[in-house]
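Asker: Those sequence lines, one after another, are chains A and B. Convert by adding 828 to the 1-based position in the first sequence; the result is the number in our numbering. Convert by adding 12 to the 1-based position in the second sequence; the result is the number in our numbering.
Residues from chain B that face chain A, not an exhaustive set, calculated with beta carbons under 8 Å: (1) 175; (2) 184; (3) 228.
Here chain A is said to cover these stretches of chain B; the calculated rule only asks that three of the stretch's residues, wherever they fall, bring their Cβ under 8 Å from a Cβ of chain A: (4) 61 to 72; (5) 100 to 113; (6) 126 to 134; (7) 195 to 203; (8) 208 to 215.
Quick list of the computed label-pair ranges, beta carbon to beta carbon: (9) 912/A x 199/B: 22 to 28 Å; (10) 113/B x 862/A: 20 to 26 Å; (11) 112/B x 908/A: 35 to 41 Å.
For the record, the hints were derived by calculation from the structure and aren't laboratory data. Backbone N, C-alpha and C define an ideal beta-carbon position, used for all residues, glycine too.
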Amino acid sequence: MTWVAIGALAAISFGLKMLGPVLVGDRALGRRTREIVALLPVPLLAALIVIGAFADGHSLHLDARAPALAVAGVLVVRRAPFLVVICAAAATAAALRLVA
Amino acid sequence: MQLTPRSTALTEPVVRDAAAIGLAVGTFGVSFGALAVAAGLSPAQAIASSLLVFTGASQFAFIGVLAAGGGLVAATLPAVILATRNGLYGVAVAPLLRGRLLQRLACSHLVIDESTAMARAQAEPAAGRRALIATGLAVLVCWNLGTAIGAASGGVLGDPRRLGLDAMLPAAFLALLAPHLARPEARRVAVAGGLIALAMVPIAPAGLPIVAAGTAVLIPRMARGRADGPA
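Here chain A stands alone, though its shape is the one from the complex (with noise of 0.2 Å):
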């Protein structure tokens, strides 16, 4: 049963993932459209970061992660290279815990 569920679920993950690049694909969109879809990314980011940041199952936390996301924005504003800002932003949240 287990086995099911799982292919169920890859099943149905797979079906929601192809949705766009098969529907939408060669099709070209009316101008309303494709500012929605160049802007779809930018509110589903803000709220993987605020989930990621602030959550905790149901309940909102500050914890090391909201030092760590600063420490990030800082090094976002000052062009700071991907791998750094991933990088200090682990590095702040290891070293408040570890202190704390």
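Place chain B on chain A using the hints.
Answerer: For chain B alone, coordinates are given in the frame of chain A:
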């Protein structure tokens, strides 16, 4: 200037960044593998899940419900809700994936949080497509290696949080969001999306806050309709 081969060199920034994201995600694959086995999956089932479902948040939700004593249907539903955001990602990257149907189908499997973010951070469609494939493959390989290691180790490797690895992904997403924020309307949409997600976390099933945040793309349109001028 073209002294080095362009598209596949390991030193290419996109490939280097993709590898870094893959490694960060791979450490969570280790915890997924360990937790999946603890929740009652066999190692083969844990690896099949990482290979075939391949969307981490859904997989964590699935084993999370199983571990809490829930049934298979109760475990599958939140995982499906979480996977709906991959549907939105698919729409967002569709313009980059023009080409033969078979290629589009193959690329579809790689449409996840990290690969979508990397792809849409590129200026050119061709670079976006390469970023999607590089990041998707790096994560696929590392996530599955991690799952196998975690499933085999039975949780002796410890918590990735101690190394601050859970702070890596929000930082990565922030770095990927930044290039979009040059436009004022994108800044408004980002703030609205973040607020919607935060407001939904306490009340909605996992995954739904991210999907709900997607509705923030409609805000500039509404503002324009109301003011009928530059907002």
